[in-house]
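Enquirer: Residue strings, one per chain:
2 protein chains.
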Amino acid sequence: MLEIKDRDGMARITIFEVNDKKVETPVLMPVINPLKSDLGLEIMKKYFDLKIIITNSYIIYKNQQLKDTILQDGIHKVLGYNGIIMTDSGAFQQHQYGEIDVSYDEIFSFQLKAGVDLPTVLDLFSEPYDDYDTVLNKIKITEERTKRARELAGDRIIVAPVQGGVYPDLRRIAAESQSQPENYLAIGGVVPLMESYKFGTLADVILSVKETADPSLPVHLFGAGHPIMFAMAAFLGVDFFDSSSYIKYAYEHKFMYIDGTRSLEELDYLPCVCPICTAYTPKELKKLTEKELVEKIALHNLYVSFKEIELVKQNIKEGTLWELVTMRAKAHPNFMDIFNVIRQHREVMEYYEPVDRRSFSLSGYESYYHPAITRSLDRVLKNTKKYIECKDKEIAMTKSAPSWGGGLKYENRLCNTPLGIIPSELLWSYPFNAIIYSEKYFDRYEIPFWIGTFNKMVTGMAKGSSPPVEWEYRRCGAILDYQFGEGASALLSSRDTSFIYSKNTGRLRMIKKENKHILSLRNSGFFNLKIDGAILMNKILEKDRYRVTVSDDAVDFVSKGYNLFAKFVVSADKNIHVGDEVIVIDGSNSVIACGTSFMTPIEMQKFKRGICVKIREGIFKNRNTTEIV
Amino acid sequence: MLEIKDRDGMARITIFEVNDKKVETPVLMPVINPLKSDLGLEIMKKYFDLKIIITNSYIIYKNQQLKDTILQDGIHKVLGYNGIIMTDSGAFQQHQYGEIDVSYDEIFSFQLKAGVDLPTVLDLFSEPYDDYDTVLNKIKITEERTKRARELAGDRIIVAPVQGGVYPDLRRIAAESQSQPENYLAIGGVVPLMESYKFGTLADVILSVKETADPSLPVHLFGAGHPIMFAMAAFLGVDFFDSSSYIKYAYEHKFMYIDGTRSLEELDYLPCVCPICTAYTPKELKKLTEKELVEKIALHNLYVSFKEIELVKQNIKEGTLWELVTMRAKAHPNFMDIFNVIRQHREVMEYYEPVDRRSFSLSGYESYYHPAITRSLDRVLKNTKKYIECKDKEIAMTKSAPSWGGGLKYENRLCNTPLGIIPSELLWSYPFNAIIYSEKYFDRYEIPFWIGTFNKMVTGMAKGSSPPVEWEYRRCGAILDYQFGEGASALLSSRDTSFIYSKNTGRLRMIKKENKHILSLRNSGFFNLKIDGAILMNKILEKDRYRVTVSDDAVDFVSKGYNLFAKFVVSADKNIHVGDEVIVIDGSNSVIACGTSFMTPIEMQKFKRGICVKIREGIFKNRNTTEIV
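Which chain is which? The protein sequence lines are A and B, in order.
One point on numbering: in our numbering, the residue at position 239 of the first sequence is 239, and numbering is uninterrupted.
One point on numbering: in our numbering, the residue at position 11 of the second sequence is 11, and numbering is uninterrupted.
A hint or two may mislead.
What the hints assert, rightly or not - Residues from chain B that face chain A, not an exhaustive set, calculated with beta carbons under 7 Å:
| hint | residue |
| --- | --- |
| 1 | N33 |
| 2 | A153 |
| 3 | Y197 |
| 4 | P275 |
| 5 | Y303 |
| 6 | L311 |
| 7 | I436 |
| 8 | M510 |
| 9 | H577 |
Said to hold, decoys possible - Using 25 Å as the maximum straight-line C-alpha spacing, the simulated BS3-like pairs for lysine-lysine come out as follows:
| hint | chain 1 | residue 1 | chain 2 | residue 2 |
| --- | --- | --- | --- | --- |
| 10 | A | K21 | B | K51 |
| 11 | A | K254 | B | K317 |
| 12 | B | K21 | A | K283 |
| 13 | B | K51 | A | K198 |
| 14 | A | K286 | B | K440 |
| 15 | B | K198 | A | K283 |
| 16 | B | K317 | A | K51 |
| 17 | A | K287 | B | K317 |
| 18 | A | K283 | B | K51 |
| 19 | A | K440 | B | K198 |
| 20 | A | K5 | A | K440 |
| 21 | A | K254 | A | K286 |
| 22 | B | K22 | A | K283 |
| 23 | B | K283 | A | K45 |
| 24 | B | K5 | A | K283 |
| 25 | A | K46 | B | K77 |
| 26 | B | K317 | A | K283 |
| 27 | A | K113 | A | K77 |
| 28 | B | K283 | A | K286 |
Keep in mind that the hints were calculated from the coordinates and are not lab data.
Positions of the beta carbon are idealized from the N, C-alpha and C atoms, including for glycine.
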């Protein structure tokens, strides 16, 4: 039901499909009140290209007349809307008003009969104040109800709520047990956290869910309707949002902004460029009738909300969502908690972090704990012993990596980068060559983080001692070990290696062996594998490392250089990250192709749709012959 | 020509008046090309409420026909625009194309004859690469030309460029010499800094100018047309911006955003809520004719730019511009340099910082160097000895100040606040009672700043020892010393003092002496002076301290409780800050009123318009009698 189109860390742009209707995520679905017609569906359809909406099955169910017509004509006809319709189940009403008088079987069956595209299981809302056992019990019951709902729904997609209160391990348990085929995961019980500005706890909840949830299933954050949340939630991997706030706030004359909320009374200006705020002044708005005013403010709230989603998607495509999140986090000090939470959930963040990015901005101390930074330093520090003794302990700050041509003057040096002390061999590789930062703002000697890596590095290198090797061999060897792990540098061991440089820039372009082109250098300073390089690398790298095994029925296809789709993957090395160079092998461990990974190993196993490895070269010379390269 | 309506630190909302035309600042004036009619004035007038525009006198001058009609009919008639018209002089053309073939007298006289509202002196553009002596020479010449222009212009307002390149002291010299009556100060030679993202240097330039410029004169930042700059520049005290970028960028199909620029080609979405971006998709825009496309993008750029100015003004009114700046600064790491520059220019920032704010957000390490924080800690540390020995060295973190009722349990304690160790006496005063922060994000023991104040405080207090005094006397005494400086606590020395508390909250409301109401407590935990308190305080505070002396012709007026206008001020204590309680005295040093300052001491001297002290009480019982209180 889900196919990844683009990604940035844990965030993703996907195409979600249900009943032959498609919607691009992340997406915000406005809540439609079937009884009120404030900002009715008609008006909304007039102003926005609505692909998905959500309404409440319980409210409909309680209205005998509406219930009957919907059961007769179907919900799409009655609402006059052909897009995707999701319904909530009444759990939130339970949370607000206590018990509700309908059984979970009954309300779920009603949603099925009504023809809802995304019917929701009536779950038990876990309150932030619920104790551990209460919550545990609630998720068990929700799990049973979900099983029962599955029986009723057959192979239709159903919305499986993931509760667990504020207990990370219970969120993990719930996410895992609800991760069944054709389940749409909806994180519930979080509205109270958002209402009390507990953004750190919210981030903790989302990350705990993502840690154990099946990555091929969609993730919805129930009740997250304020645009202030979107960038952060999408950054942590949320695909779906629903909003009733746009109208609730409008009733209170409140304008939503990406950095908070202001009531009309507080506004001396209308500091927003939307069609409403550019057409009116606060004075003019106050002259409108109550109904007109509510509609105008609701429209403003929707414009701001929908466009924030588009900005999030634009940033995912640019690979800069982190930068947007650091900006949004300034909206309220409590948002800064999420950076602390991100540090605690390092593993999952690191798991989804791509191998390289176009650039990385250091614009606050929190940047130092981004997986792009921590991973690279972990890799360097693991190998300190391999780097030779240095002529000097330090050279002048290198704001950006020197050109490869000028590289030699850095031979045998320790380089003082904004990330710490780096051996010069890696100065041309990501992230060390791609950091954008402000030297004036960061007094590195004030940063505990920097001092830490500095000491580890220096002590590590002092102990180290490797035989003197030609600089270019050592530099490229260091990059290979940094990229593929210890041992990969053996690829260059023999002396029949030639380095080809760019005439203009003097930058290394490719490496040949016995006149076969085996490696090309990416802008990010990692190597791309050519098929000949992959065949050699397959002999060097320990078993499984960076290997992806494909099922027999795909071997021929992939051997000819066609992209590898997830559904043909038998197994994949757990060390693979998005953007990694992988060696594609068949059941008998022989290389059939090489390419760049577009998925994490678990995604390769779980996804039924989409490309998981973008193949660069297959072993067959071209797609029409079966002649080996 | 300028009157302050609202303010937030160095930033201000003013009403600027020229030739009976008024405009509210900060304001952006779009550049109109008199020869091209791209996004002509007509279209712009149709979409925006334009109060001021800028065009180029040199371009007009070079076009014989246009020049003649303008000389004959006046520039307003020819352009068909009755608002304020400013003209540039050709200095920028000089910077771009070398020499220009018109004398400075000639081009300035032409602007006068054309009926321009704000004619600009033809200055010499100082380049970032110019050496010190070259720049010094250029500002001398510019100064002479300005004197000459003044002779030609009589008492009309003229635009006096402030050059000085990247040399802070030369900027100070230029700003001081150009600060003549009826001069409109325009900071020049900064476009190259913005083009090269040298935001730190730019901030350094602006602050250097503000340090010596006459605060009653308007300040324009030449060529700052990108909305990414507005919040920061306004925060540093800039009133006027001009933009030709909106159309220049449009020609290159570039969309301006508050956090940067994107070209149409880079945009998969239109992540903006403006009337253009909500009406089109990128695909649809690409189908337009070149002319239509340029116009649409220019409109987007103007919407975003004008509305960013409104957001800046909204934040000035809310006193939260700093928070907006910290958000905007995330747009590019180079922006973070400005926080370093702010630290270097502490004095001028502190000079304009109000006594208290509704709240202060700690949302990044840079917050620790905001004058609101540094000032309060300086004041506390200066008085450490006065605070009594403590029972404990530390008590649990106090997230927010305890209620006055519960205050006593803090007696004799050191309190561990996010700003450092604070004596409990001041726990209820700004900023200690108004900090919004995230405990999880700030590991205070990692913050050198915090450790610094901690140590100073503890050592200071260890040395200290004050006689045991009743808690409430000591607490209020400490606040008085904190607010008015050492010695002010003597106001409570005698025992005939009574403390009146709120029935509901238990919070201190007022202090009486001999049954006379002398002090009230503000929400921010500072005291408001009542006239009886002012009379007593006048005897206690050393000469001049917190005194404002008024000219004889205003004594009667102010004694009756009417607000004090700047033009009646004879002298004002240099220690006064905006929001301070001041004692208003006549020539013979006797108290005639008390109130709250709305200006800095220098502003009180320089401004000809506006209120400088909001009077709370005059010595006359009421405005109709002359009976003393």
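Enquirer: Does the structure keep K317(B) and K51(A) at a Cα separation of 25 Å or less?
Expert: violated, 40 Å
Enquirer: K317(B) and K283(A) were given as a pair; does the straight-line alpha-carbon distance stay at or below 25 Å?
Expert: OK: K317(B) and K283(A) at ~17 Å, within 25 Å.
Enquirer: Does the alpha-carbon distance linking K254(A) and K286(A) stay inside the 25 Å limit?
Expert: With Cα atoms ~13 Å apart, K254(A) and K286(A) stay inside 25 Å; holds.
Enquirer: Does K283(A) lie within 25 Å of K198(B) when you go C-alpha to C-alpha?
Expert: violated, 40 Å
Enquirer: Are K113(A) and K77(A) close enough, with their CA atoms no more than 25 Å apart?
Expert: Status holds; Cα separation ~13 Å.
Enquirer: Run the distance test for K287(A) versus K317(B): straight-line Cα separation, threshold 25 Å.
Expert: Distance ~23 Å between K287(A) and K317(B) Cα, so the pair holds.
Enquirer: What's the verdict on K283(B) and K45(A), does the C-alpha distance respect the 25 Å limit or exceed it?
Expert: Holds. K283(B) to K45(A) sits at ~21 Å (cutoff 25 Å).
Enquirer: Any CB of chain A closer than 7 Å to the CB of M510(B)?
Expert: Given a least distance of 29 Å, the restraint on M510(B) is violated.
Enquirer: Given the hint that K254(A) pairs with K317(B), test it: the Cα-Cα distance must not exceed 25 Å.
Expert: Given that 25 Å is the threshold and the Cα spacing comes to 18 Å, the pair holds.
Enquirer: So, as I understand it, the hint says N33(B) touches chain A; can you test that by seeing if any CB pair is closer than 7 Å?
Expert: violated, 24 Å
Enquirer: Take the C-alpha atoms of K286(A) and K440(B), compute the straight-line distance between them, and say whether it is at most 25 Å.
Expert: Since the Cα atoms of K286(A) and K440(B) sit roughly 41 Å apart, the hinted pair is violated (cutoff 25 Å).
Enquirer: For the hint on Y303(B), just tell me whether its beta-carbon gets within less than 7 Å of chain A.
Expert: holds, 4 Å
When held up to the earlier numbered hints, the structure conflicts with 1, 2, 3, 8, 9, 10, 13, 14, 15, 16, 20, 25 and 28 and fits the remainder.
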